[in-house]
Structure formats: structure tokens, C-alpha cells
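The listed protein sequences correspond, in order, to chains A and B.
So in the working numbering, spot 142 of the first sequence is number 142, and the numbers just go up one at a time.
The working numbering runs 229 ahead of the 1-based position in the second sequence.
Simulated from the structure, these hints should not be mistaken for laboratory data.
Don't take every hint at face value.
[To be verified] No more than 25 Å apart at the CA atoms, straight line, and that leaves these computed lysine to aspartate or glutamate pairs for DMTMM-like: (1) B:Lys255 - B:Glu431; (2) A:Lys79 - B:Asp306; (3) A:Lys90 - B:Glu303; (4) B:Lys308 - A:Asp118; (5) B:Lys308 - A:Glu74; (6) A:Lys90 - A:Glu116.
Protein chains: 2
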Amino acid sequence: MSARWTIAFDADDTLWENEQFFQSSKDSFTEMLASYVEPDQLHQRLTAAEMRNLARYGYGIKGFTLSMIETAIEVSDSKVPTSTIAAILKMGREMLDHPIELLPHVRECLETLGHEPDIILITKGDLLHQEQKLAQSGLGDYFDSVEIVSEKTPEVYQRIFARRDRPRAMMVGNSMRSDVLPAIAAGAWGTYVPHDLTWEHERAEAPVGSARFHQIAHLGELPTLIAGL
Amino acid sequence: MSARWTIAFDADDTLWENEQFFQSSKDSFTEMLASYVEPDQLHQRLTAAEMRNLARYGYGIKGFTLSMIETAIEVSDSKVPTSTIAAILKMGREMLDHPIELLPHVRECLETLGHEPDIILITKGDLLHQEQKLAQSGLGDYFDSVEIVSEKTPEVYQRIFARRDRPRAMMVGNSMRSDVLPAIAAGAWGTYVPHDLTWEHERAEAPVGSARFHQIAHLGELPTLIAGL
Chain A
1 MSARWTIAFD
11 ADDTLWENEQ
21 FFQSSKDSFT
31 EMLASYVEPD
41 QLHQRLTAAE
51 MRNLARYGYG
61 IKGFTLSMIE
71 TAIEVSDSKV
81 PTSTIAAILK
91 MGREMLDHPI
101 ELLPHVRECL
111 ETLGHEPDII
121 LITKGDLLHQ
131 EQKLAQSGLG
141 DYFDSVEIVS
151 EKTPEVYQRI
161 FARRDRPRAM
171 MVGNSMRSDV
181 LPAIAAGAWG
191 TYVPHDLTWE
201 HERAEAPVGS
211 ARFHQIAHLG
221 ELPTLIAGL
Chain B
230 MSARWTIAFD
240 ADDTLWENEQ
250 FFQSSKDSFT
260 EMLASYVEPD
270 QLHQRLTAAE
280 MRNLARYGYG
290 IKGFTLSMIE
300 TAIEVSDSKV
310 PTSTIAAILK
320 MGREMLDHPI
330 ELLPHVRECL
340 ETLGHEPDII
350 LITKGDLLHQ
360 EQKLAQSGLG
370 DYFDSVEIVS
380 EKTPEVYQRI
390 FARRDRPRAM
400 MVGNSMRSDV
410 LPAIAAGAWG
420 TYVPHDLTWE
430 HERAEAPVGS
440 ARFHQIAHLG
450 ELPTLIAGL
């Protein structure tokens, strides 16, 4: 009965590693600025810059790089040397170039689901970079459609799922805030696959009590979950 | 007979001003670095950085800002003060915030075409910023679909036009290289609407001799052109 379903996957930290590259860049950034500011304070300032710039820059590595440069100038009272700015630029370019590392069970999950359900990918972030990551992942052929969106709201999910002609839709991802809650609000199922590293901005309370909410340990458990619904 | 048509519009410098904001930022950038490098040489170095980074950053203001910072450090032999880097960041944020200025005859053209043809928008650049510009332009309701793509190739046009169920498609825009030539290569019509300011990367020879190539002075001439085809 899996032909009843549209199954939509988030990409970053659901199909492949992403946040770990942000984390290790933040660690290097902390070291670069260690003579000006304590790590905790630096993280607060960087997060504040990211949030301040989010409506303008959106998600993705270019905006993150610009926010790091802005923060480096701010916390050092403009004393940061240009060599550090150059190192931040280089770090941003390396993040954009990093190879794709698939998470465990991803390919097996997509293979098992097969071609009966309508399989789509819904991700936010830089259009070009997300397209490049999907191409590099080698997973492109499993997906019937790819939607790169600037925000994941209930309206966005509603619009996407309305276009697919299946009676049921499920969003699967590691972000309670962007994948699970708005999909459930849009009338779909929301399945949470926690990832060790999840950006604080993406965290939220689980919608316990919703019959359309599920949590699995990894994507290997998804085909069985869907078969039982 | 306009119901036969899908008419696709480019956005930047076809519907609204865009390149003028890049040009005036380049002028300010030139002034900021006047003590290190001659204007011509600076422009060459900036263009080289933009081209080098294009495959990674794609189109749009965030990538342009990162390339300006990279160039400022390069041409000054790392002597540029951080206050200049901060000024470049600020300039990038202001570019993202600039209000939309519609080009002449745009609204009139869309009004005259009406709802018989399938009207779509095909633009490259930052997903979030292009969505914001369309919302601010007040033109959103004229468009049946909006496609934000990372590159405008014949394959991309073919894929988009194949999904619209009209026998004829036309791409209308100010870039010979991205709007006209690949649309014609995809079997569609290509209509060139020159803009005084067009980024050098977007220039190319006109496909004179192609029966599906047309040139108009401004969008006010488009409805008559289409009525005669």
C-alpha cells in the first residue's frame, strides 16, 4: 500500500552530514579569535549575527561566512588582522567544497521504499549548493522531485503536497522545528530522525499526542514504519 | 490566440533594476581601494574573483560581497583596514535591502497580456532574495509559476517548458547569453529586451537568422509582437 504515499525527505543531517562542517568551522573560528574573546561569548555573538542576518541572507554557507566575518570585526573591535578574514573566506570555500558523506542506512532505506511511493526531497539553503550536493550524493535517481525552498512553513508543505497526487504525505527529517511540526500542521505525517548535531535554531518540543508524529532512530527503520501505517 | 503561449520572463534588469546596484557598489568599492590600485586593474581583479568563485557561490549579492572582500585583501597585499571590510559587508546588506524599482512598461505589458497566456518567471540567483524581490514588486499575481534556477541552460528551459501544456514557449529577457540563446536552443522563441547596463558575463552575439529570435526596445512592445506571431 506504499503507493498511497508521498514521502518527503529533508537533506542536510537527514541524508548526509552537514552540521558537523559548521561545527568544525566554528571551532576553527573560535581558535582564530581566542586572543580577543572567550569561546562562549564568541558563540553568542556569532549566533546573534546569524539570527540578525537570517531574513536577509537566508540559510547556507555564504551567509554563515559573511556573519563570521562581521562577528570577527565586531568582537575584536576592528583589530582582527586581514589574514584572519582571508582565513575565514577560505574556510567558507572549503565548506562549500566538502565531499558528501551519506548517513547510515540512507541508501538502503531508499532502495527498500522502491518506486511505489512518490519520493521527494524538500530542503532549504542555497539553491546552487543543494543541487550540487544532491548530484554528488549519487541519490538523485531515487527522487521523483526536488524542492528547494527558502523556508519550511505549513503553507509551503501544503502547496508541495497538494501538487503530488497521493492521498497521504509524510515529511522525514532531523529538525523538529522545520521538518516535523510544520508538516503536521499542514495535515501530513511528520517523522523525526534525530541527529547528534542539530543547530539550536532547529530544535523544538516534540508534538507528543499527535497521531501523525513518529520518531525513529535512523532511516533503516522508515520502511517498516510506513508499512505499518 | 495568445492561449497557445507560455511566456517566460527573466527578472533582474528585465522586470526591475538590478545591475545598477552592482555598478554603484563597484564604484564605491573602487573609491574605498583607490589608494592601493587603479580602477581598471581593480575591476579586472574583481571580475577574475567573481568568475573563479562562480561555480561555488553561484549568482547573487552574497557571493558578490564575498568576492569583493577577497579582492580587497588581495589587491592591498592584506593592508586594507578592517573598517573597509566592514564597509563592504554593510554595502552588501544594503544591496539586499534595496527597494524594487520596476522598469518602464512592465506592469502595462503584464496587464495587456492578461490571463490567456501562461505567464511564468525564470530567474537565477539567491532563492530567498529573488522570492523577496518578487513579493516586493507587487507583480506576484501576474505569474502562474515562478522558477528559480541555478543556471539557465537549454536543458533547464526544456524541462520547464515541457511541464507547461502550451504548444509554444517564449523566453523574454535582457541577457542574450542566459535568456535568448539557450531558450532558442531548447526550441522556444527568444526575445531580447536590451538594458543599458548588462553584466559583461551575460553578453553574447545575437542569433541573427533564427526565425524565433526577436528584439524589442522595451516590454511595452511585447504584446504586439506576440499577437503577430
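Status of each hint after checking the structure:
1. B:Lys255 - B:Glu431: Status holds; Cα separation ~17 Å.
2. A:Lys79 - B:Asp306: holds (17 Å)
3. A:Lys90 - B:Glu303: holds (13 Å)
4. B:Lys308 - A:Asp118: violated (56 Å)
5. B:Lys308 - A:Glu74: holds (19 Å)
6. A:Lys90 - A:Glu116: Roughly 44 Å between the alpha carbons, so the hint for Lys90 (chain A) and Glu116 (chain A) is violated.
Violated hints for the displayed structure, listed by number in ascending order: 4, 6.
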